[in-house]
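As you go down the protein sequences, you meet chains A and B in turn.
With numbering that gives the first Met the number 0, letter number 9 in the first sequence gets 8, and the count goes up by one each step, no holes.
With numbering that gives the first Met the number 0, letter number 309 in the second sequence gets 308, and the count goes up by one each step, no holes.
A portion of the hints provided could be inaccurate.
[Stated by the list, open to error] Straight-line alpha carbon distances no greater than 20 Å define the calculated PhoX-like cross-link-like pairs of lysine-lysine that follow:
1. K331/A <-> K28/B
2. K29/B <-> K69/A
3. K73/A <-> K150/B
4. K195/A <-> K207/A
5. K88/B <-> K109/B
6. K69/A <-> K338/B
7. K23/B <-> K331/A
8. K88/B <-> K331/A
9. K212/A <-> K259/A
10. K259/A <-> K360/A
11. K390/B <-> K338/B
Since the hints were derived computationally from the structure, they do not count as laboratory data.
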Amino acid sequence: MDLDTRLENVAVLGAAGKMGSGIALLLAQEMATAKLKPENKDRTYVLHVIDVNEEALTGLLGYLRAQLTKAAEKSIVPLRELYADRDDLVENYDVIAAFVEDALSVLRPSTTLEAAEGARLVFEAIIENEGIKIDVLTKLDKLVDPDAYYLTNTSSIPIKVLDEGVGLGGRIVGYHFYNPPAVQRLLELITTSSTKPDAVETGRELAKRLRKKVFPANDIAGFIGNGHFMRDILHATSEVKRLMAEESMSEAEAVYVVNKVSQDLLVRPMGIFQLVDYVGVDVCRFIMKVMTEHIDGETLRDDLLDRMADGGVLGGQYASGAQKDGVLKYEKGRPAGVYDLSKGGYALFADGDWTSKLDEKLGGPPDGLAPWRALLMDPKKDDKLAAYFGNLATTDTLGAGLARAYLVRSKEIGEKLVADGVAESADVVNGVLTNGFYHLYGPVNEYVELVTDKVGGTR
Amino acid sequence: MKNLTKPVYVTAGYNTISLGTGRKEFHPKKPRPGIEHYIKEAGQGAIAQVNDAANIDEGVVSNFMAARFNKQGNLAAVMPMIDPSLEYKPLVRVEGACGSGGLGLVTAAKTVLSGMADSVLAVGFEVQNTVKAVYGADILAGAGHYVTQRKSGHAYFFPAKFSDRACAASEKFGAERTREAMARWYERAVLNARQCPKAQEYHNSIEDLYAAGMTPCNANAFCGHINVYDCSKVSDGASAVIFASEEGLDRLGVDRKDAVELVGYGQVVADISKDPEDQTKLTTSARAVANAMEMAGVTPKDIGMLEVHDCFTIGGMLSLEAAGFCGYGESPDFVAAGKTAPDGEVPTNLSGGLIGYGHYTGGTGVRQAADIAMQFTGKPDGQSIEIDSSKPYGLMISMGGNDRTVVSCVFRKVQ
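Hey, can you work out the whole structure from these sequences and the hints?
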């Protein structure tokens with residue numbers, strides 16, 4: 000069965016969720032575009048958007064309408080060509096409205112699995128829980144086309160576990176979009192030894208149509224992206240503890256410091272605890288739990304995340320995409336405070352001079368430091384980073400020491416992902432971190448040598 | 000060719016800020032002033048420079064598409080909001096796409112020349128940030144012929160029309176030289192705008208403007224032969240001037256030295272349903288300028304300040320050729336040699352032009368007249384230049400559509 004035939008009947012499970020709604024958006028666009036091509040005029044396209052949450056499902060349609068409109072506005076040049084033979088569609092406004100209606104017309108919202116009867120391609124984006132996933136897919140597999148392929152968006156559960164748990168015989172591929180799926184270009188494609196080659200090929204072809212950059216990963220819990228991120232978090236929390244012990248900082252102060260260093264001095268788009276909040280504190284904790292269950296000899300867990308999550312400090316996002324408060328507090332999307340577990344409230348950056356004292360303790364930034372945003376589009380980015388990290392190596396401050404240790408650990412994690420067979424090469428690890436996490440440089444980089452060679456250590 | 004039957008003066012120029020992307024105070028999602036605000040600010044700005052609004056006899060308001068951008072028609076009736084004394088006076092709205100401002104100027108001038116009024120307030124405005132650019136392109140495409148051109152036209156209708164002109168000029172006169180001169184035009188426009196606090200590009204902080212201007216064109220997302228830096232931006236703003244006879248100036252209490260004299264104009268309109276005869280020429284503009292210069296009895300060498308309609312960089316360059324400041328196909332070298340710079344042969348678009356100052360479409364022609372009047376009377380919003388005493392004339396070209404509705408005016412500095 001070719002991809003176009005599969006696209007005639009598609010289902011998204013968990014379609015009203017954060018990832019599911021983005022996947023549904025991408026598919027509605029792709030299916031509507033396919034429908035408009037002359038060679039597909041006899042095909043009918045149906046996208047079952049299924050979610051147990053009725054209210055969220057209603058919201059999904061509003062979300063999709065708004066997002067489809069935005070997407071159509073951006074693609075107006077090719078869209079006018081697509082509708083060139085429709086004499087009634089003259090202005091951009093007419094063309095955009097027609098496309099949005101065409102895309103919405105493929106949608107079939109439902110709260111029941113039965114709606115997906117006959118589906119040939121199933122996207123799974125339900126709760127990250129092994130038992131529930133297996134249960135739902137088992138029920139669904141009795142309804143869908145016997146040759147249906149499953150693309151699961153799990154970010155941590157081994158694909159083999161799902162494949163064997165449901166008895167899919169290799170008809171499932173790990174298809175890990177990054178948040179938000181419609182914007183992020185990275186797609187981790189996870190295969191197992193028993194995955195059907197045709198399923199992989201279908202996934203690759205679809206990714207190409209969705210304009211995603213595919214990075215292959217092997218079937219080890221956490222895969223590449225979370226494989227790095229979760230261990231990066233644990234490095235951060237261990238540094239928090241070290242700063243508390245060696246530098247007499249409170250936990251909130253240490254969190255502030257590590258978050259700041261991991262953003263500013265590592266030239267990353269977000270500090271590590273901001274990224275934890277972006278993903279969700281409980282989600283991070285859950286991914287670690289899954290990884291621990293499936294990876295022999297390694298326990299990924301930290302009591303800081305446990306205490307935060309247990310205390311209801313969860314992060315995550317509002318339906319609008321705005322950041323919820325988590326380990327950090329946010330004002331206009333920017334960190335404005337740190338949750339102080341000892342006080343049960345946020346220590347605000349603006350209150351008193353505690354942050355400026357900590358900044359002073361960290362020491363001034365090494366020469367050549369530029370913000371992530373300034374370097375993002377800079378054609379001389381690599382040269383500037385090399386010059387900066389050269390200076391970082393010889394800067395004798397607490398902040399520079401923390402940054403050096405961070406760089407070294409990040410590289411160790413990246414190399415371990417290759418050694419463990421999760422990624423086929425360091426380039427793939429670097430590709431995932433630069434494309435999915437918007438790092439300016441991969442974890443396995445030559446800057447680390449600059450850092451370690453010049454000071455003969457990491458701190 | 001008829002000549003002006005009596006002296007007509009232009010005074011009391013006023014421009015609002017050109018608001019849109021690039022200005023620090025602009026935020027696409029926050030509420031912004033509407034058309035009433037701009038019409039009032041510009042009109043009152045002009046009136047503040049005369050003794051009494053009651054001495055203004057008539058009014059003309061220029062606008063292109065308020066009916067679509069702002070859902071407002073009957074615009075002449077908005078003018079009394081400027082000042083209660085305008086109520087019950089003859090007020091009129093004129094429209095000629097992006098050349099609406101120019102039409103407003105000649106309408107005001109002719110009203111004075113007719114003897115039916117001694118002074119006329121001319122206001123021009125557009126408030127375009129009410130819709131996203133992709134829908135604004137639809138609205139502005141109304142300056143082309145809807146029935147024969149819109150369906151087959153590009154999503155970004157007018158940028159594509161001038162992309163076609165850039166393509167033709169590149170093929171005929173060299174791609175590299177044309178492209179480089181377009182980038183130089185952008186660079187100059189922003190450098191001038193940075194001298195003018197009201198200009199839309201006043202806050203522009205791009206380090207290497209020329210490099211930005213050389214950004215490769217992307218036909219898939221925009222146009223094949225122009226990039227975004229080649230285009231004037233979406234702007235909200237208004238301008239005003241007062242036209243007056245000698246008696247009118249006296250009644251308004253305005254000294255001659257605070258005015259410029261209109262000494263010639265050309266008003267030319269071509270068939271909207273026809274494509275340009277030659278993509279590398281602005282033939283309608285050429286006729287308008289020739290008529291204006293003939294009426295004024297001047298040639299390009301007499302012009303000490305020039306205001307051209309650079310809705311697109313290539314449009315600005317072709318205007319120089321159409322007006323005779325350089326030969327056919329020579330504008331790239333003319334621009335590259337800095338001859339349009341403030342200290343060049345023909346100081347051009349001193350407050351930034353449409354690309355640098357902004358382009359509130361229906362008001363731009365009035366803005367050009369206001370800039371010439373203010374520069375020649377020593378009160379410019381932006382940089383002030385020494386006008387060569389042997390060149391006491393200012394020339395402007397206000398163009399609507401793809402060189403369809405064009406007005407050119409020649410003003411003389413009052414000695």
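Worksheet item: Broken hints, numbered, in rising order?
Response: 6, 8 and 9
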